[in-house]
Amino acid sequence: MSRQPCLTCGQSIGGHARTGVIRQLAAMLVRTNHYPKVYSLLNQLPLCATCISRIPFLHDPWCMVCGRHMLVNSRGTQAICGDCSGFPEQLQITNRSTIRYDDWAKNLIGVYKYRGDERLMQLFSTLLLIAWYRHYDQQGIELITYVPLHDQRLRERGFNQTELLAEAVGRKLGLPVRKLLTRQKNTTKLSQQTGKQSRMVSMNDAFLPAHATGDPATYDEVPRISAAPGKATVPAIMLIDDIYTTGATIRSCAQTLRKIPALREARILSLTVCRS
Amino acid sequence: MLSFFICPLNKLFKRYGNFLAEGSVFFQTEREREKIGGVTLSGMSALGSLHSLDTTREYIMYGKETEQTGQTAQRGIHLYITSCFSVDQLFWREQGAGRLIVLGSSPSLALVFALKERMEMRLAEGRGGNRVDSRILHRLAEEQTMLYNKSVQQLAREKDMGKLPFAFTFNPWSLSDDIHGLGVADQAGGIAQTDDSDEGMVKLEDGHYSFRELEQEAGRMHELLMGRSLLWEEVEFLHQQKRAGEHLSEAAVQWLVLKGAVLRLPGVSLTLRKGLLSRKLVPVCLRCGEMEQIKLTVCHSCRQACAYCTACLQMGRAKCCTPLLCSADHSLSVHHRQPLLQWTGQYSPAQAEVASRARGFVNGDETAFLIWAVCGAGKTELIFPVVEEVLSQGGKVCIATPRKDVVLELAPRLTRVFPDVTTLTIHGSSTEKWEQGELVIATTHQVMRFYRRFALVIVDEVDAFPFHNNHSLYRAVDRAVSEQGKILYLSATPPKYLRDKLVRPHHAPPSATAGQNRLCRLWCRISRLFKIKQELPHASATHVILPSRYHGHPLPVPKTVIVQGWKNKLKSNQPLPQVIQPLEDSLEQERQVFFFVPRIGDVDTVIAYLRYHLPRYAERIEGVHAADQGREEKVLRFRQREIVLLVTTTILERGVTIPRSDCIVLGADAGIFDEASLVQIAGRVGRSANSPGGTILFLMEHRVQAPYQAIAQIKQMNQLASRIQRGVAE
Ligand SMILES: [Zn+2]
Ligand SMILES: [Zn+2]
Ligand SMILES: [Zn+2]
Ligand SMILES: [Zn+2]
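Residue numbers (our numbering), protein chains in the order written: chain A, 6 to 281; chain B, -4 to 725.
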């Protein structure tokens, strides 16, 4: 157990109270087959018992498409939320998130985005892994990619927070992580946009396949992803981002990913830390 | 002459082109590439203008020949780093200096710095009479870059990062093109952009400048940077705050660097240490001095191997490619109205002596001084005279304290007694961070943002978090103080390091040398070993002790009680008379009780236990810990006597004082309670003049050192106080 203090409140981590909280939480989050994995992930969180119990985990029932929590109890059926049912099926991208985007998450994500704090990275990548065990471990994911930053923004900041997350998750799962996309437009900040509609419009053609632009970060060949003969499930690529708001970013990325020949047959799933 | 400028740019263009082909580095969009092309074609750019192209900022290293004419002509060479080469050309031309030899550039300031340092070392070794030409310099640079690349890969392997996709690049310029030394600008007409008029106009990325304009702009920038130590991002922010609408001119900053008014360092430096088998690369954060918590990364800003500091990350990302600008402040402020101190309070004789000794210190030869005043001695008032002394001499004063609430508490008191002085309150969320003032009250972290500014830095509660054992903050204080400045430590429980350094044995003469002092300390240690009675020296040239409270009564001495198996008894709700009895006694006398426990987890257990065993007071027993949302409110209710027994962790060990209160420490043998912490806890009791006594109990299972050391320290203080009273302390 790390001897560092709790990341959010500064108190010392540890004590038997924490074990109890984690046990209860792990049992609530996953079924028995993943219990040990999720238990040890929760235990790795750099948080104390009080702060762990404050994490706003998403609970079922959730929308089968975007993963948001739904108030209507339609357990068991393939429920789709109002927002998602507005899209034609080929535009729907399956997303899952770990936590709600409340003030606690907003604050931490903000700090992480601008400082790239290593310990916050560990916190968020652990949260992503928990969602992976909850939703995606049977999905045949073979490749991980992430939502890129615009080059200029990247240079100003020096790092891409989602890239760091993707790499941490990839390392833990033993899956390859590739930069597949390049951001074309320097889209204005989320907060500066008004309304859902304008945001969706501004996301059109925001991305390009990275190899087509000669982006040298894609130095490795994109592995071909296609169903093995005799196998039922089509393999998938997982797209990682920090927040899912309207899904416009994710849909735009997915559209671009479909244009990459080697990935034409792959299914696209997205995994984000927060669902607002 | 023009060819000189086009050549390096051609080179650059070629280089970027190569990168595209090799695909080893990210590259900009089509639009940006066009821009570079455009620049090359028109041949109108100064090297400095590369910045405005949204490309990575480049730091250029060049050598300057210092030429002495005469028979025994010896050419020396000095190396310089610049972000705007044309500014340097202008500068050296004005100085009439010799030739400039451009060696190359890199986006990693840390790398260029390290190369410069190592090359200077090499040059110094092989100086003699041999002539240093550009080829030798280029070879040296190449050699050293390779060394760095090897060691950074080594470090990456050690840190389990695998092979780094990017290593360091130092791009040599203009070597192969012309063996006669192309890339060498002679002094006659080095600047391609010089206007036809002989005004010495220079065109930079931010417009045309004449020599005079550049000087003026530099002067304005200097005013902004004076006394500060800031990362480039912070400079940008400060500039935006103070000079909104104006362009932040890198040329002006470079001008200041050349004139020596600003020191430009990489945020994180890279040094090579000689290891056992090979050289080891050691990144050090130059802002906070951290060496352990530095992360090696692949940076998208400089497209290099880069490192950033996680220790001071909360104040922005210090990394290899970010410059840290430090500028000393030598200005003196003038006060027209004297006296500055408007305080009507009265000192006790003991306080008066301490205050005057502290005042004397700033005019003496020593650079550091310790005021060791017991809890409840009235520390803040003690510093008024010394602050006034320094302020009236025109110097600036900084009071650094570890906690924000102390800053907020001190500020109004100081503003009241120094009404004519500009006082700034600086903490993480303060809006006065970027203002100028003569008296600054800051959290210890914010002290890192100052550079050679204060004639006096007072460090309050040196032992409290996070100053204790925190090397980087000592460093920050050392840097914030001006060259002849003084540091005054103020504490009730000074850490051993400071005691050893500043509490000089009284049998050493005041003018004792370091060697004599060491001898004295050795003698003290020997006498301690043989249990020869030790007397705490009341005062010396570097310290003074105030052993009594303002009301003059001795400090209450804690008692220890061994309680076997309290944890189990607590859990199974069995009676613990050693705990319950003294509590009942205190509560019956209508005294309030602080009940300290070692861990947060103990708080709730203890509350439940005490409520059960003290049913009469059950509703007036509460508990607090750091993560407790209702902490402030509960402390307030404790102050108002609504709560009579407050169970707490160490968070209340300082700050909160309640008249007529007692203290119980359960588990005083736990590691979290060290000597200083226990002395502070004992300091809660007997603060008011009408109830100077009280009970302090240390309950523990095992005999450990800390509680006994704390008791010994308190007794020592009482002895010293009575010695002073009898007039025999000197
Ligand atoms: Zn916490
Ligand atoms: Zn949905
Ligand atoms: Zn640092
Ligand atoms: Zn960098």
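I should point out that these hints are in silico values taken from the structure, not numbers from a laboratory.
Since the model is a prediction, treat every value here as computed from it, not as a measurement.
A portion of the hints provided could be inaccurate.
[Claimed, not checked] Distance ranges between label pairs, derived from CB positions:
(1) B:Ala684 to A:Asn48: 51 to 59 angstroms
(2) B:Pro334 to A:Trp109: 45 to 53 angstroms
(3) B:His331 to A:Trp109: 47 to 55 angstroms
(4) B:Arg626 to A:Arg229: 52 to 60 angstroms
(5) B:Gly666 to A:Asp65: 53 to 61 angstroms
Even glycine gets a Cβ: it sits at the ideal position worked out from N, Cα and C.
Taking each numbered hint in turn, which are not upheld by the structure, reported in ascending numerical order? Violated hint (a single one): 5; every other hint is consistent with the structure.
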